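First to last, the protein sequences are chains A, B and C.
For what it's worth, the working numbering labels the leading residue of the first sequence as 1, then goes sequentially.
For what it's worth, the working numbering labels the leading residue of the second sequence as 1, then goes sequentially.
For what it's worth, the working numbering labels the leading residue of the third sequence as 1, then goes sequentially.
Because the hints were derived from the structure by calculation, they are not lab data.
Just so you know, these numbers come straight off a predicted model, no measurement behind them.
Wrong hints could be hidden among the right ones.
Below are the EDC-like pairs computed for lysine to aspartate or glutamate, each with C-alpha atoms no more than 20 Å apart in a straight line [said to hold, decoys possible]: (1) A:K335 - A:E271; (2) A:K104 - C:D239; (3) B:K2 - A:D69; (4) A:K334 - B:E230; (5) A:K104 - C:E296.
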Amino acid sequence: MEGAEASSLCQGRPPFLSVRNLVKRYPGVVANDHVNLDVCPGEVHALLGENGAGKSTLVSIFYGLVEPDAGEIYVEGRRVRIRSPKEALSLGIGLVPQHFLLVKKHTVAENVVLGLESAPFWRPAAAIAPKIRELGERYGLPVDPEARVWQLSAGEQQRVEILKVLFRNVRLLILDEPTSVLTPQEAEGLFEVMRRMKAEGHAVIFITHKLEEVMRVADRVTVLRRGRVVATLPVAEADKATLARLMVGESLPEVRVEKKRAPGRPFFFVEDLWVRGDRGQFAVKDVSFEIREGEIVGVAGVAGNGQSELIEALTGLRRPARGWIRLDEQDLTKKDARAFFEAGVAHVPEDRTHRGVVGPLSVAENLVLKHYRYPPFSRRGVLVFPAIERFALESVKRYRIQTPTIKTPIRLLSGGNIQKVILARELYGGPRLLVAAHPTYGLDVGAARQVHAHLVAERERGAGVLLVSEDLEEILALSDRILVIFEGRIVAALRPEEASMERLGLLMAGVAA
Amino acid sequence: MKLVPRQNVSPLWVFSVYAAAVAGALFLSLVLLALYGVPLGRALAAIYQGALADPRGFAEVLRRTVPLALAGAGLALAFRAQFWNIGAEGQLLIGAVAASGVALFWPLPGGWVLLAMALAAFLAAGLWAVLPALLKATLAVNDVITTLMLNYMAIYLVEWLIHGPWRGKSLFGFAYSEKFPENAWLPLWPGTGLAWPGLLLAVVVAALFAWLLYRTTLGFEARVVGENPEAARYAGVRAAQTLLWIALFSGGAAGLAGFVEVAGHHHRLLAPLQISLGYGYTAIIVAWLGRNNPLAALFTGLLLGFVFAAGDVAKVVLQVPFQLVGAANGLILFALIAAEVLIRYRVQWGWGRA
Amino acid sequence: MLEDWLVTTLARGLAFAAPLLIAALGELVAERSGVINLGVEGMMILGALFGFIAADMSGNSWLGVLAAAGVGALAALLHAFFAVTLRANQYVSGLALTMVGLGLSGLWGKPFAGKPLAHPLSKLDLPGLSALPVLGPGLFSGQSPLVYLGLVFAVLLWVYLYHTKGGVTLRSVGENPAAADALGVNVYLVRYLAVVFGGAMAGVAGAYLSLAYRPTWTEGMTAGMGWIALAIVIFAAWDPLRAVLAAWLFGAFYHLAFRWQAYLAPEFLKMMPYAFTVLFLVLSAWAKSVRMSAPEALGRPYVRGERE
Chain A
1 MEGAEASSLC QGRPPFLSVR NLVKRYPGVV ANDHVNLDVC PGEVHALLGE NGAGKSTLVS
61 IFYGLVEPDA GEIYVEGRRV RIRSPKEALS LGIGLVPQHF LLVKKHTVAE NVVLGLESAP
121 FWRPAAAIAP KIRELGERYG LPVDPEARVW QLSAGEQQRV EILKVLFRNV RLLILDEPTS
181 VLTPQEAEGL FEVMRRMKAE GHAVIFITHK LEEVMRVADR VTVLRRGRVV ATLPVAEADK
241 ATLARLMVGE SLPEVRVEKK RAPGRPFFFV EDLWVRGDRG QFAVKDVSFE IREGEIVGVA
301 GVAGNGQSEL IEALTGLRRP ARGWIRLDEQ DLTKKDARAF FEAGVAHVPE DRTHRGVVGP
361 LSVAENLVLK HYRYPPFSRR GVLVFPAIER FALESVKRYR IQTPTIKTPI RLLSGGNIQK
421 VILARELYGG PRLLVAAHPT YGLDVGAARQ VHAHLVAERE RGAGVLLVSE DLEEILALSD
481 RILVIFEGRI VAALRPEEAS MERLGLLMAG VAA
Chain B
1 MKLVPRQNVS PLWVFSVYAA AVAGALFLSL VLLALYGVPL GRALAAIYQG ALADPRGFAE
61 VLRRTVPLAL AGAGLALAFR AQFWNIGAEG QLLIGAVAAS GVALFWPLPG GWVLLAMALA
121 AFLAAGLWAV LPALLKATLA VNDVITTLML NYMAIYLVEW LIHGPWRGKS LFGFAYSEKF
181 PENAWLPLWP GTGLAWPGLL LAVVVAALFA WLLYRTTLGF EARVVGENPE AARYAGVRAA
241 QTLLWIALFS GGAAGLAGFV EVAGHHHRLL APLQISLGYG YTAIIVAWLG RNNPLAALFT
301 GLLLGFVFAA GDVAKVVLQV PFQLVGAANG LILFALIAAE VLIRYRVQWG WGRA
Chain C
1 MLEDWLVTTL ARGLAFAAPL LIAALGELVA ERSGVINLGV EGMMILGALF GFIAADMSGN
61 SWLGVLAAAG VGALAALLHA FFAVTLRANQ YVSGLALTMV GLGLSGLWGK PFAGKPLAHP
121 LSKLDLPGLS ALPVLGPGLF SGQSPLVYLG LVFAVLLWVY LYHTKGGVTL RSVGENPAAA
181 DALGVNVYLV RYLAVVFGGA MAGVAGAYLS LAYRPTWTEG MTAGMGWIAL AIVIFAAWDP
241 LRAVLAAWLF GAFYHLAFRW QAYLAPEFLK MMPYAFTVLF LVLSAWAKSV RMSAPEALGR
301 PYVRGERE
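Just chain A, with the same shape it has in the complex (with noise of 0.2 Å):
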């Protein structure tokens, strides 16, 4: 190890975590392509790069998770292998996942109890709860031991995600994509939970697309770029357009959306829609709106307040238990999706590849998914292959879907490919409403800007299209009215001019303005 360098790395220090020549190959893809990394105790290193650049790989090996191809792996000074969680944990390496690992079931203290070497046998969860309000207090995390976690809002489950790594005397913390469920104000929350450990000693990886919290918060920060490193430098030196620059290769132009038409007459109609969740208890409450042919309004809101219940809702995947839906003079409120579908409503699902597609299924049949029923693809309940093969090879050609073949089975396909072909398939015939569900969630630049394109073209055909999405500046670009939405309300209605990131995050969080 270079010894003159780690001691101005980390002043004077050693540093905790280091990786030379870090290689993680995927079928396809090098995913981790030689990652070179030094993480000092006391600072909060970020780690910066779009969808794809490898740091979610980079946290499953630093977590024992996978075990890199090639490369060494230092903490401390001594090479190790980490090669499962436990081993991790026991090197003083903690992770807070994106997608939580919790059990929604169980209280917070025995989520927090789960394998705690330290806890009794006896009454583990009752023993250790004095210590979580400890903990809580002390570090800016306060949540209740007996609550149960399907209770919590995110970003209480997330808390306990943390107390959890806390427990274990980790010095390295790992936070990947911590702010995803947070408005603005609660991630300022989070920050300082950050500061908070960074002043007890513990090392901070924060992992990040978004160039806002870099500035904020990180004293160091990683450029990841298709899995190479591509920069490493104090934040004190580096401002949001160079980091943009190494994030993204060359500087792109701004999102220019192009809006020729005004949005037409109302014809989607939402009146007083109350609508209940999973647990029972109402996740939509009293929401009404109204969508004109040919406009776009946007969703915003952060996950958990009853989006999903909503959309599910106009789609026909979920039944209101007041309230009602009107497309044009029909009345959809109790219907089962296939008579939306059927009234022109389209879909593109949050969840693509789960609900979106069957991924054992081949290109062409998940393309027709839901027209197998109608001519030219059926005729009386049986199916015509010409006509379903001819549409697929179209639809491959036109929405530049790349598939070996239109009989590969869609799983194989990557996630951009899977949402072009969604695409294809819920545009096809030209329906009245495009209901579109985060729809550019995990994609990269390119893929992402061809999605805005096609909404865009919906609403110049005369669509109406409902966006719901936690990506502020997606749904800024493209809105023509933007709708916010907390606790299953809709506590505002605004035009993109009279909006801005900081107006929309407090109204996210709930704050009158």
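Using the hints provided, position chains B and C relative to the given structure of chain A.
Just chains B and C now, kept in the frame of chain A:
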């Protein structure tokens, strides 16, 4: 030991692994035979003589194949839709009951009675399967247990009929119904005990079900529901309807097997254990071995038919209890799921966490 | 008259419920870890056979119980290997186990068919408690010790599940194995242990049949009880104390049906347990709370790093 997913799976590999698996299971069954005290050479010779070499013996193999292929094709359809129909045994018996009912109490002229028997068997058995499917579709009741429970209930229904209302003259102390009128008998292949219309029926049904599964909207819906119920709902597939139709066809096929058994071989309704030697359960293997492809059930049915015939030979010639076949079936099933793993994954030996 | 009827219903209900309860408790533990084992019927009958053989040869019925537990555990180990290590389809693996179990027991049990057991498990009367009016003869006398063992086990299991660290681990593995794995829990080991325990219990349940309830060996003597035990786990919403209630309810219903022999043909009587099971399942499905109690990861193999 680590399991690493394979990327490309060639059909040749699939076939080889399956063949090796079945061979391995059969080998283990022979070991069981040896453990029971039968010298292997003698056993193999007897089986070859009885089941393969002799045309009458081979006809017995075909005779067993018919109900296995019929029920197996039906189960292939059901399993594709993730309808865990373990009730083929009961559905077969109910089919036999319905067919017997028509034969005994609705004396139609000529060949019409056979048509009516087949139809009745199909519908009655189909409904016997629709009931658990309905419970699953509406209340999400576990279909494995309900279909199984209906097996037991079907057994006792048959028992009640042959000891009670449909009691005929008993022969050798066993209870039977009256013999069917002769126009309710299926013709036999001369010199054998094989009711050849049954074989024809099996081929037709297997082909029909394959067409249904791959070429119709119902089959498409069944496959979608089976692979991903959530996506099916999103796609507007009405899963309940799909499930009920699939159950009807699945049960109906097993019912047809029951029809063939009573109309072709026994010509009366008799004790459940004599109508079906566990065809319904073995059909599960027929379906699985054929990767739930209805057409493949014809071939896998043949293989398992051979196992049954071999078991018969073992019982008669070697005095080995017929339960050996049951154990052999279970071993084949184990071998199959091991085969699935080998097909989908590559095994990496070495240290490290599994 | 009423008292007589009550006493026999209680007593016979308890006696019939015992094998169901013991097998159900074992399966409950396995399912709580996320693994469903449809091989209960096969493990029970193997336990019945080998328990009988061991008891017959040694003259000691308790040795038979031990042997039965061992055989059940061994059989379950096979299922665990397929379900946990090979990540095969759990439903099919369990079915295969039942087929093999039924087949092998039929094959190897032939020499023992119908043979009465020389020293069956003796029945006992609980001192003091058996003198109570109604409840005394109803619940506390003339029962096999295995009945009380089952009840004790149920209580112990309940305490284990909800008041100990091991219980938290077991339940978490069945709800969210990824969460447990991320905290260093050995998910595979927990599942193996749970499944093997389930097998041992199923074996003991089988032994109860051949050593106490009807001290003999008959082919197929479990008559589907393994499947009924599976249904009881569902009806009990995966809770040990509710399993006691469910099993006893089942036993009582069955006994009551037995009493109506005069009005019904014997075959319909024999149908009763199976019809009841379906009824129980329908009732369970109706109660939303039961549906939500199922361990979330039940039936799904766990692979580290594989996103759902």
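Notebook entry, point to check: Are the Cα atoms of A:K104 and C:E296 separated by 20 Å or less?
Noted result: Distance ~10 Å between A:K104 and C:E296 Cα, so the pair holds.
Notebook entry, point to check: Taking only the CA atoms, is the gap from A:K334 to B:E230 under or equal to 20 Å?
Noted result: holds (19 Å)
Note to self: Given the hinted pair A:K335 and A:E271, is their Cα-Cα distance within 20 Å?
What the structure shows: holds (16 Å)
Check: Within 20 Å, alpha carbon to alpha carbon, are B:K2 and A:D69?
Finding: holds (15 Å)
Checklist line | A:K104 paired with C:D239 [C-alpha distance capped at 20 Å] | finding: holds (18 Å)
Violated hints are absent here; each numbered hint is respected by the structure.
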